[in-house]
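Chemist: Single-letter residue listing:
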Amino acid sequence: MDPLGRYAPALCRKAYRLLGNAADAEDVVQSVFAEQVQRGRANADLPYLFRAVTSRCLNLLRDRGNRQRLLQRQEPALRGATRTRCDDEVIGMDLMLKVVDRVDAACAEALIYRYFDDMTQDEIAEVQEVTRKTVAARLARVHEVVVALVGTGEAGGGGP
Amino acid sequence: MSAAPASPSRCTGEPLSWLILERHALGELPASEASRVQAHLAACAACAACAAEARRPWSLPARVTLPAVGPARRPWWRRYAAGWATTAALACAAAGFLLVSRSPGRSGSRAVAPGDTLPGVKGGDVALDLVCERQGQIIHDAETFAPDDRWKVLVTCPASHVVFWDVEVRDGAARAVRYPLAPVGPISCGNHVALPGAFSLSGNAPAQVCVSVAADPVPRAPSQEPGVRDARRICVVVRPER
Numbered sequence: 001m002d003p004l005g006r007y008a009p010a011l012c013r014k015a016y017r018l019l020g021n022a023a024d025a026e027d028v029v030q031s032v033f034a035e036q037v038q039r040g041r042a043n044a045d046l047p048y049l050f051r052a053v054t055s056r057c058l059n060l061l062r063d064r065g066n067r068q069r070l071l072q073r074q075e076p077a078l079r080g081a082t083r084t085r086c087d088d089e090v091i092g093m094d095l096m097l098k099v100v101d102r103v104d105a106a107c108a109e110a111l112i113y114r115y116f117d118d119m120t121q122d123e124i125a126e127v128q129e130v131t132r133k134t135v136a137a138r139l140a141r142v143h144e145v146v147v148a149l150v151g152t153g154e155a156g157g158g159g160p
Numbered sequence: 001m002s003a004a005p006a007s008p009s010r011c012t013g014e015p016l017s018w019l020i021l022e023r024h025a026l027g028e029l030p031a032s033e034a035s036r037v038q039a040h041l042a043a044c045a046a047c048a049a050c051a052a053e054a055r056r057p058w059s060l061p062a063r064v065t066l067p068a069v070g071p072a073r074r075p076w077w078r079r080y081a082a083g084w085a086t087t088a089a090l091a092c093a094a095a096g097f098l099l100v101s102r103s104p105g106r107s108g109s110r111a112v113a114p115g116d117t118l119p120g121v122k123g124g125d126v127a128l129d130l131v132c133e134r135q136g137q138i139i140h141d142a143e144t145f146a147p148d149d150r151w152k153v154l155v156t157c158p159a160s161h162v163v164f165w166d167v168e169v170r171d172g173a174a175r176a177v178r179y180p181l182a183p184v185g186p187i188s189c190g191n192h193v194a195l196p197g198a199f200s201l202s203g204n205a206p207a208q209v210c211v212s213v214a215a216d217p218v219p220r221a222p223s224q225e226p227g228v229r230d231a232r233r234i235c236v237v238v239r240p241e242r
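So the sequence lines, in the order shown, correspond to chains A and B.
No gaps in the numbering here: position 80 of the first sequence is 80 in the working numbering, and each next residue is one more.
No gaps in the numbering here: position 169 of the second sequence is 169 in the working numbering, and each next residue is one more.
Among the clues, some could well be false.
[Unchecked claim] Straight line, CA to CA, 25 Å or less: simulated SDA-like cross-link-like pairs of lysine to any residue:
1) A:Lys98 with A:Gln121
2) B:Lys152 with A:Thr131
3) A:Lys133 with A:Gly153
4) A:Lys133 with B:Val184
5) B:Lys152 with B:Pro183
6) A:Lys133 with B:Asp129
7) B:Lys152 with A:Thr134
8) A:Lys98 with B:Ser188
9) B:Lys152 with B:Ser188
10) A:Lys133 with B:Arg150
11) A:Lys133 with B:Ala127
12) A:Lys98 with A:Arg69
13) A:Lys133 with B:Ala194
14) A:Lys133 with B:Glu241
15) B:Lys152 with B:Asp129
16) A:Lys133 with B:Val237
17) A:Lys133 with B:Tyr179
18) A:Lys98 with B:Asn191
19) A:Lys133 with B:Asn191
20) A:Lys98 with A:Asp63
21) A:Lys133 with A:Thr120
22) B:Lys152 with B:Arg134
23) B:Lys152 with B:Glu241
24) B:Lys152 with B:His140
25) A:Lys98 with A:Val145
26) A:Lys98 with A:Phe116
27) A:Lys133 with B:His140
28) A:Lys98 with A:Ala136
29) A:Lys133 with B:Pro219
30) A:Lys133 with A:Arg102
31) A:Lys98 with B:Tyr179
32) A:Lys133 with A:Thr152
33) A:Lys98 with A:Leu149
34) B:Lys152 with A:Leu149
35) A:Lys133 with B:Asp166
36) B:Lys152 with A:Asp104
37) B:Lys152 with B:Ala127
38) A:Lys98 with B:Arg220
39) A:Lys98 with B:Pro180
Hint data in this document are derived by calculation from the structure and do not stem from the laboratory.
None of the values given here were measured: they were computed from a predicted structure.
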């Protein structure tokens with residue numbers, strides 16, 4: 001099977017965890033594949049494609065025009081077990097959107113890898129091509145924002 | 001705050017990431033790593049449930065309309081593989097056109113056209129501004145460089161987007177390729193967003209500074225000629241001071 005087809009289910013599941021609905025997840029993966037083919041990179045590996053899908057999803061989530069639709073369409077009950085939490089808080093879509101608004105792009109990416117993809121700091125460092133120390137600093141920033149949001153009662157719902 | 005998790009079970013230790021689980025399901029992990037994963041799955045119900053999920057095929061919902069590709073109905077991702085040769089040919093032709101239309105022969109020219117788009121980002125205009133600091137003065141659109149100059153790259157792209165980037169310099173008579181900045185992560189778009197870090201230019205020959213901005217991570221491919229790797233590469237040529 002061609003590499004892109006081989007990875008499609010894994011990438012759809014990944015996008016689905018983040019976006020909360022299958023239709024948008026498939027659209028994102030489709031756009032990533034189209035881009036890979038256009039660039040002549042049909043042999044991209046799974047970690048690279050994971051990062052590409054993360055980036056696309058974040059672009060979609062940062063667009064306020066999409067947010068209401070995504071929140072309405074999400075199927076949180078189908079997200080599955082949440083194995084990684086931030087201070088015992090499940091990072092659901094609503095909280096994630098609020099955090100993403102308050103951190104830079106690199107921190108937002110680290111947030112996704114940690115709390116939606118359950119990656120360790122070492123894995124995040126490898127995917128983001130930075131040191132573990134940098135990852136720790138990015139996650140500390142995320143943690144700080146989550147704590148502030150929870151403390152002020154702004155965290156809201158949206159978690160599974 | 002959030003509701004209770006969908007599954008009451010918690011990982012017995014450090015959860016196996018979805019990337020690991022997916023690669024395990026695909027048989028891509030090295031033997032030693034696969035053994036570690038197997039051992040963890042045998043002891044952890046939460047991760048075992050996720051591993052089972054990773055082995056499940058992703059079925060396209062009926063609402064997704066797939067254009068017919070031959071007699072058999074194929075997943076949409078296979079259409080890309082099938083159309084690969086045609087698309088690659090078109091991409092090469094487009095890259096060739098961009099190479100001609102964005103020739104670096106015009107010193108200091110901004111090889112950015114209105115309507116230039118980011119790959120995969122609808123309506124994504126992108127512009128490049130090369131800024132030089134010379135003896136305490138900031139010079140925009142500098143066309144010449146001196147050894148002590150410090151250069152920074154400012155990128156303008158649509159707010160709300162997050163893009164990956166890299167900067168490539170070809171300088172000196174040998175036109176050796178180097179990557180003077182470390183793209184530690186993507187940037188949030190906006191007007192004149194400064195890429196982290198600064199660099200200098202040297203040599204007696206014109207230097208070409210290329211910036212790649214893309215919705216996906218930008219791999220480094222020093223063996224390829226400028227413009228071939230990625231149509232979203234924007235190049236500027238600056239000359240040495242006389």
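Chemist: Lys133 of chain A and Arg150 of chain B: Cα distance at most 25 Å?
Modeler: Answer violated: Lys133 of chain A to Arg150 of chain B is near 28 Å, above 25 Å.
Chemist: Starting from Lys152 of chain B, check that the Cα of Asp129 of chain B is at most 25 Å away, please.
Modeler: Holds, because 8 Å separates the two Cα atoms, which is no more than 25 Å.
Chemist: Can the restraint linking Lys98 of chain A and Arg69 of chain A be considered satisfied, given a maximum Cα separation of 25 Å?
Modeler: The given pair, whose Cα atoms are some 16 Å apart, holds under the 25 Å limit.
Chemist: Sort out whether Glu241 of chain B lies within 25 Å of Lys133 of chain A, counting only the CA atoms.
Modeler: violated (41 Å)
Chemist: For a C-alpha distance cap of 25 Å, please report whether Lys133 of chain A and Ala127 of chain B respect it.
Modeler: Distance of about 32 Å is beyond 25 Å: violated.
Chemist: Below or equal to 25 Å on CA atoms is what counts here, so check Lys133 of chain A against Pro219 of chain B.
Modeler: holds (23 Å)
Chemist: Given the hinted pair Lys152 of chain B and Pro183 of chain B, is their alpha-carbon gap at most 25 Å?
Modeler: Judged against 25 Å, a Cα distance of about 13 Å means the pair holds.
Chemist: Is the straight-line distance between the alpha-carbon of Lys133 of chain A and that of Asp129 of chain B 25 Å or less?
Modeler: violated (31 Å)
Chemist: Would you mind confirming whether the straight-line C-alpha gap from Lys152 of chain B to His140 of chain B stays at or under 25 Å?
Modeler: holds (10 Å)
Chemist: Would you mind confirming whether the straight-line C-alpha gap from Lys98 of chain A to Arg220 of chain B stays at or under 25 Å?
Modeler: Roughly 33 Å between the alpha carbons, so the hint for Lys98 of chain A and Arg220 of chain B is violated.
Chemist: Against the 25 Å threshold, does the CA-CA distance of Lys152 of chain B and Thr134 of chain A hold or violate the hint?
Modeler: Within the cut-off at roughly 23 Å; holds.
Chemist: With the threshold set at 25 Å, check whether the alpha-carbon distance from Lys133 of chain A to His140 of chain B stays at or below it.
Modeler: violated (35 Å)
Figure legend: structure checked against the earlier numbered hints; hints not met, in rising order: 3, 6, 10, 11, 14, 16, 19, 27, 31, 32, 34, 38, 39.
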